[in-house]
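Participant: Listed below, chain by chain, are the residues.
Protein chains: 2
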Amino acid sequence: MEDNKTIIIYDSTLRDGAQAGGISYTLEDKLKIVERLDKFGVKFIEAGNPGSNIKDQEFFARVKKMKLKNAKLIAFGSTRRVGIDVKDDINIQSLIAANTEAVAIFGKSWDFHVKEVLKTTEDENLQMIYDTIKYLKSLGKYVVFDAEHFFDGYKNNRKYALETLKVAKEAGADSLDLCDTNGGTFPMDIYNITKEVVEMFPGTLIGIHCHNDTGMAVANSIMAVLAGARQVQGTINGYGERCGNADLITLIPNLQLKLGFKCVPDENIKHLTSLSRYVAEIANMIPNERAPYVGAYAFTHKAGMHIDAVKKNPASFEHVNPEIVGNTRRIVLSEVAGRSTILDKIREIDPTVTKDSPVTKEIIDELKRLENEGYQFESAEASFEMLIRKKLGLYQPFFTLKEFKVLINEPAVEYSSSAIVKIAVDGVTAITAAEGDGPVHALDNALRKALEKFYPELKEVHLVDYKVRVLNAETATAAKVRVLIESTDGKDTWTTVGVSTDIVNASWIALVDSLEYKLCKEKVGK
Amino acid sequence: MEDNKTIIIYDSTLRDGAQAGGISYTLEDKLKIVERLDKFGVKFIEAGNPGSNIKDQEFFARVKKMKLKNAKLIAFGSTRRVGIDVKDDINIQSLIAANTEAVAIFGKSWDFHVKEVLKTTEDENLQMIYDTIKYLKSLGKYVVFDAEHFFDGYKNNRKYALETLKVAKEAGADSLDLCDTNGGTFPMDIYNITKEVVEMFPGTLIGIHCHNDTGMAVANSIMAVLAGARQVQGTINGYGERCGNADLITLIPNLQLKLGFKCVPDENIKHLTSLSRYVAEIANMIPNERAPYVGAYAFTHKAGMHIDAVKKNPASFEHVNPEIVGNTRRIVLSEVAGRSTILDKIREIDPTVTKDSPVTKEIIDELKRLENEGYQFESAEASFEMLIRKKLGLYQPFFTLKEFKVLINEPAVEYSSSAIVKIAVDGVTAITAAEGDGPVHALDNALRKALEKFYPELKEVHLVDYKVRVLNAETATAAKVRVLIESTDGKDTWTTVGVSTDIVNASWIALVDSLEYKLCKEKVGK
Numbered sequence: 001m002e003d004n005k006t007i008i009i010y011d012s013t014l015r016d017g018a019q020a021g022g023i024s025y026t027l028e029d030k031l032k033i034v035e036r037l038d039k040f041g042v043k044f045i046e047a048g049n050p051g052s053n054i055k056d057q058e059f060f061a062r063v064k065k066m067k068l069k070n071a072k073l074i075a076f077g078s079t080r081r082v083g084i085d086v087k088d089d090i091n092i093q094s095l096i097a098a099n100t101e102a103v104a105i106f107g108k109s110w111d112f113h114v115k116e117v118l119k120t121t122e123d124e125n126l127q128m129i130y131d132t133i134k135y136l137k138s139l140g141k142y143v144v145f146d147a148e149h150f151f152d153g154y155k156n157n158r159k160y161a162l163e164t165l166k167v168a169k170e171a172g173a174d175s176l177d178l179c180d181t182n183g184g185t186f187p188m189d190i191y192n193i194t195k196e197v198v199e200m201f202p203g204t205l206i207g208i209h210c211h212n213d214t215g216m217a218v219a220n221s222i223m224a225v226l227a228g229a230r231q232v233q234g235t236i237n238g239y240g241e242r243c244g245n246a247d248l249i250t251l252i253p254n255l256q257l258k259l260g261f262k263c264v265p266d267e268n269i270k271h272l273t274s275l276s277r278y279v280a281e282i283a284n285m286i287p288n289e290r291a292p293y294v295g296a297y298a299f300t301h302k303a304g305m306h307i308d309a310v311k312k313n314p315a316s317f318e319h320v321n322p323e324i325v326g327n328t329r330r331i332v333l334s335e336v337a338g339r340s341t342i343l344d345k346i347r348e349i350d351p352t353v354t355k356d357s358p359v360t361k362e363i364i365d366e367l368k369r370l371e372n373e374g375y376q377f378e379s380a381e382a383s384f385e386m387l388i389r390k391k392l393g394l395y396q397p398f399f400t401l402k403e404f405k406v407l408i409n410e411p412a413v414e415y416s417s418s419a420i421v422k423i424a425v426d427g428v429t430a431i432t433a434a435e436g437d438g439p440v441h442a443l444d445n446a447l448r449k450a451l452e453k454f455y456p457e458l459k460e461v462h463l464v465d466y467k468v469r470v471l472n473a474e475t476a477t478a479a480k481v482r483v484l485i486e487s488t489d490g491k492d493t494w495t496t497v498g499v500s501t502d503i504v505n506a507s508w509i510a511l512v513d514s515l516e517y518k519l520c521k522e523k524v525g526k
Numbered sequence: 001m002e003d004n005k006t007i008i009i010y011d012s013t014l015r016d017g018a019q020a021g022g023i024s025y026t027l028e029d030k031l032k033i034v035e036r037l038d039k040f041g042v043k044f045i046e047a048g049n050p051g052s053n054i055k056d057q058e059f060f061a062r063v064k065k066m067k068l069k070n071a072k073l074i075a076f077g078s079t080r081r082v083g084i085d086v087k088d089d090i091n092i093q094s095l096i097a098a099n100t101e102a103v104a105i106f107g108k109s110w111d112f113h114v115k116e117v118l119k120t121t122e123d124e125n126l127q128m129i130y131d132t133i134k135y136l137k138s139l140g141k142y143v144v145f146d147a148e149h150f151f152d153g154y155k156n157n158r159k160y161a162l163e164t165l166k167v168a169k170e171a172g173a174d175s176l177d178l179c180d181t182n183g184g185t186f187p188m189d190i191y192n193i194t195k196e197v198v199e200m201f202p203g204t205l206i207g208i209h210c211h212n213d214t215g216m217a218v219a220n221s222i223m224a225v226l227a228g229a230r231q232v233q234g235t236i237n238g239y240g241e242r243c244g245n246a247d248l249i250t251l252i253p254n255l256q257l258k259l260g261f262k263c264v265p266d267e268n269i270k271h272l273t274s275l276s277r278y279v280a281e282i283a284n285m286i287p288n289e290r291a292p293y294v295g296a297y298a299f300t301h302k303a304g305m306h307i308d309a310v311k312k313n314p315a316s317f318e319h320v321n322p323e324i325v326g327n328t329r330r331i332v333l334s335e336v337a338g339r340s341t342i343l344d345k346i347r348e349i350d351p352t353v354t355k356d357s358p359v360t361k362e363i364i365d366e367l368k369r370l371e372n373e374g375y376q377f378e379s380a381e382a383s384f385e386m387l388i389r390k391k392l393g394l395y396q397p398f399f400t401l402k403e404f405k406v407l408i409n410e411p412a413v414e415y416s417s418s419a420i421v422k423i424a425v426d427g428v429t430a431i432t433a434a435e436g437d438g439p440v441h442a443l444d445n446a447l448r449k450a451l452e453k454f455y456p457e458l459k460e461v462h463l464v465d466y467k468v469r470v471l472n473a474e475t476a477t478a479a480k481v482r483v484l485i486e487s488t489d490g491k492d493t494w495t496t497v498g499v500s501t502d503i504v505n506a507s508w509i510a511l512v513d514s515l516e517y518k519l520c521k522e523k524v525g526k
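Line order of the protein sequences matches chains A and B.
full-length UniProt numbering numbers the first residue of the first sequence as 1 and each following residue consecutively.
full-length UniProt numbering numbers the first residue of the second sequence as 1 and each following residue consecutively.
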């Protein structure tokens with residue numbers, strides 16, 4: 001066991017995380033996540049259950065070739081089956097075949113599960129725990145014992161739950177990890193029960209594994225650490241079975257920045273935000289904008305009074321500096337942001353405008369009208385800037401759309417869609433055609449082709465993100481949609497928005513705003 | 001103060017919730033939410049800040065006409081400004097103009113804020129608290145005192161923080177609500193500090209208001225209740241500034257089902273899930289699928305071993321019965337679900353299939369291949385059933401697509417899009433045309449028109465939801481999209497899925513599956 005301020009971070013993003021609804025990793029995904037977790041500095045990576053699926057067997061063969069700097073891989077499995085020799089258990093054989101230095105074995109600590117699920121005796125369950133750990137230790141493995149449903153078991157039959165730990169320890173388990181498998185335990189109970197276990201096994205590493213079914217997995221893990229647990233299991237972004245696991249992305253800074261524990265190297269705390277988003281992207285999950293520390297809104301200030309205070313001193317409404325965790329402060333543009341925020345934005349473009357200028361009211365009214373229609377400018381500041389320019393008379397259209405037509409054909413030869421765009425710039429007409437995967441792609445290609453003749457600087461611009469949100473789904477295929485387009489010219493990045501009942505039209509609005517924003521930017525030399 | 005097991009639920013969905021990034025309620029939205037919260041049985045509805053925005057002033061005028069059964073409305077505002085008479089403060093005047101029986105006043109409890117944000121003396125801040133509450137009490141209002149940043153204040157200057165409470169109490173405040181405004185306080189600190197306050201003000205109602213910046217708002221609120229707080233502030237789904245507030249949707253069942261407190265009438269607990277989804281829909285936020293108690297995944301079992309155990313006894317992996325909170329148990333279809341779940345689904349259609357039948361492997365392989373392509377069948381069981389039918393040879397196409405063409409025109413006369421669909425049924429060709437808002441809508445209309453000639457039962461089918469998810473946004477407008485379509489025939493509801501780089505094509509796949517599913521259903525009389 002390490003010094004008393006060191007916490008061993010045990011990541012299960014690839015095992016319990018893979019049991020989350022909506023997540024399905026490819027083998028390549030898993031390898032990428034292992035690499036990133038190792039770099040970040042977690043100590044254990046519980047990477048799969050080779051007994052339960054073939055993909056994990058292939059994965060362990062592949063991952064062997066990777067050179068890990070910090071982390072040890074863990075293959076996960078259960079105690080031997082009822083009534084057989086541990087050596088004959090095919091799942092145990094798969095676990096050994098994974099060929100990792102360390103393994104985790106979960107065993108039943110709740111008598112109810114022994115009876116109802118395993119349908120065996122309490123003694124046989126103890127024997128299963130003992131045999132399995134003893135056998136794996138005889139092969140030289142480092143063995144983590146996951147006491148499944150430990151807290152529920154303790155509450156139902158304290159003596160038996162503790163007995164499972166004793167047997168695991170006798171068999172040679174290197175750590176005893178207390179699992180709140182169903183996520184129903186409360187913070188004080190976690191504290192008191194963990195404390196009793198820590199005191200019962202002096203010198204033994206005690207771990208904690210919490211689920212979030214009552215929304216308290218992070219707090220419960222903290223309480224266990226305060227009670228003496230020094231190994232913390234969890235997953236990146238809290239992905240896991242049902243409501244998920246304790247979120248390491250929240251837990252690590254809570255422990256390291258707030259309680260002075262050492263979980264990962266200090267210099268890696270600033271990678272928390274990018275780690276969270278990287279794993280979300282690979283898992284193909286929408287990032288939680290409200291996630292503590294790393295969410296897009298975690299340091300976003302919206303109420304007028306908060307914005308004013310944060311301008312005076314950020315600590316007034318921020319519990320930590322966002323830069324420490326690699327996040328950024330944002331002040332959002334919205335009707336509740338208060339006039340001063342909107343005025344600041346206007347004055348960036350025209351410093352002579354005051355809060356009493358008629359144009360200020362005009363812009364606020366237009367903002368409200370568009371927000372009612374479904375627009376959102378919080379993440380589309382480029383569109384908001386274009387709106388201000390239009391109201392200030394600082395905008396001249398860079399082109400006029402004469403017409404566009406998109407034709408979608410099925411069956412398709414190569415591309416399903418082709419578009420014709422006809423525009424005019426200073427009286428000169430251009431008509432272009434292009435193909436694409438789908439109507440928006442075709443239209444995007446044709447418009448750029450037309451505009452680049454007049455504005456070669458648009459060649460630098462390309463789209464980096466494209467998001468669609470259905471606003472009123474109840475009207476189904478005629479629903480209103482909001483499209484957000486993120487563009488870059490290699491130097492800057494900006495986002496624009498369009499709303500329409502027609503996805504092509506909504507995309508067109510956002511696309512035109514994006515290209516005109518770039519042209520404005522070049523013109524005013526901003 | 002009521003008996004010791006009663007908790008007063010104080011909802012701020014319409015005030016702190018409106019400060020959440022991405023949320024912008026219309027006046028109608030707010031009225032709908034008030035009605036629903038009242039029906040659900042919360043005691044206080046903090047409904048807006050009339051001093052900060054005009055929309056809230058209009059709202060309070062309108063809401064006056066509603067007859068509320070249980071709840072009292074609260075208008076929210078701050079103490080008077082520095083150096084003026086409370087009667088001359090226009091925000092206080094707006095607060096009074098809201099004409100509610102009860103008001104909430106927030107005042108500074110953190111000396112740092114007094115100095116850095118208010119830029120005044122500690123004495124003047126105490127006077128501001130006193131004057132404001134005293135004045136509102138003289139007008140007969142019920143006054144809640146929100147001690148802003150109370151816990152940060154206590155840690156920085158215990159004596160001053162407690163002094164602000166004493167002054168508020170002396171001025172006549174009806175409750176003292178301790179706010180962890182920046183969300184950085186830990187559970188044990190919340191417990192100890194709240195306990196001290198409860199003991200210092202015997203007989204006074206103490207409230208708690210937590211933010212989720214360290215992911216512990218729910219646990220912190222629970223700790224405050226255990227320490228003696230009896231008023232709990234929070235919001236539906238935890239919407240609020242930055243990372244949000246304590247989530248009442250988790251807190252209420254935690255308190256009522258697990259700790260035996262009385263928050264709302266027992267018979268309303270079963271409406272938790274629908275309340276959560278209703279507010280998410282109005283707020284236009286994507287529901288959190290992993291939300292405790294009410295999320296789509298909260299009682300969804302994915303790992304094979306969990307599924308087997310839940311079939312034996314649901315309590316094995318469920319901390320409460322999902323029906324109690326109006327949610328449902330789901331067993332998901334995925335590659336990690338294990339063969340037995342997939343086999344069960346196959347055997348619903350053909351009971352003669354066994355796990356060793358070659359078709360079982362074929363279906364699992366096809367499932368894996370499609371999941372790799374971006375399909376997800378967890379929420380699209382109708383598409384999965386169609387896949388099984390195809391592999392079992394129980395499917396004959398109901399029609400053959402000859403071709404479709406969609407033309408999008410801008411500028412548009414009435415509808416932007418028109419579609420031509422040519423299909424054949426049993427050698428008979430039909431060609432139809434239809435218009436729509438956007439290409440998918442036009443195509444949907446044209447396909448139905450064509451099919452209804454042959455299958456009049458399709459007239460009963462209509463679409464209830466349409467979702468688009470961009471899968472690999474980095475390729476921008478050529479990104480792969482997944483479309484989910486939910487359909488109903490008035491009796492049943494089913495969901496189908498399509499994936500393509502072309503949104504029109506992805507929609508087409510899901511649409512065809514949906515209509516064929518209905519026809520299959522009719523044919524086999526299921």
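Source of the hints: derived by calculation from the structure; they are not laboratory data.
Treat the hints with caution; some may be incorrect.
[Stated by the list, open to error] Derived DEER-like restraints, expressed as beta-carbon distance ranges:
| no. | chain 1 | residue 1 | chain 2 | residue 2 | range |
| --- | --- | --- | --- | --- | --- |
| 1 | B | E58 | A | N313 | 30 to 38 angstroms |
| 2 | B | E58 | A | A424 | 53 to 61 angstroms |
| 3 | B | E116 | A | R62 | 30 to 38 angstroms |
[As the list claims (entries may be wrong)] Where chain B lies over chain A, by a calculated footprint (3+ residues, C-beta under 8 angstroms):
| no. | region |
| --- | --- |
| 4 | 17-28 |
| 5 | 216-223 |
| 6 | 303-309 |
| 7 | 397-410 |
Built from N, CA and C at the ideal position, the CB exists for glycine as well.
Participant: A separate judgement is required for each hint: does it hold in the structure or not?
Facilitator: Quick rundown of the hints versus the structure:
no.: 1; hint: B:E58 to A:N313: 30 to 38 angstroms; in the structure: holds, 34 angstroms
no.: 2; hint: B:E58 to A:A424: 53 to 61 angstroms; in the structure: violated, 44 angstroms
no.: 3; hint: B:E116 to A:R62: 30 to 38 angstroms; in the structure: violated, 55 angstroms
no.: 4; hint: 17-28; in the structure: holds (count 7)
no.: 5; hint: 216-223; in the structure: holds (count 6)
no.: 6; hint: 303-309; in the structure: holds (count 6)
no.: 7; hint: 397-410; in the structure: holds (count 9)
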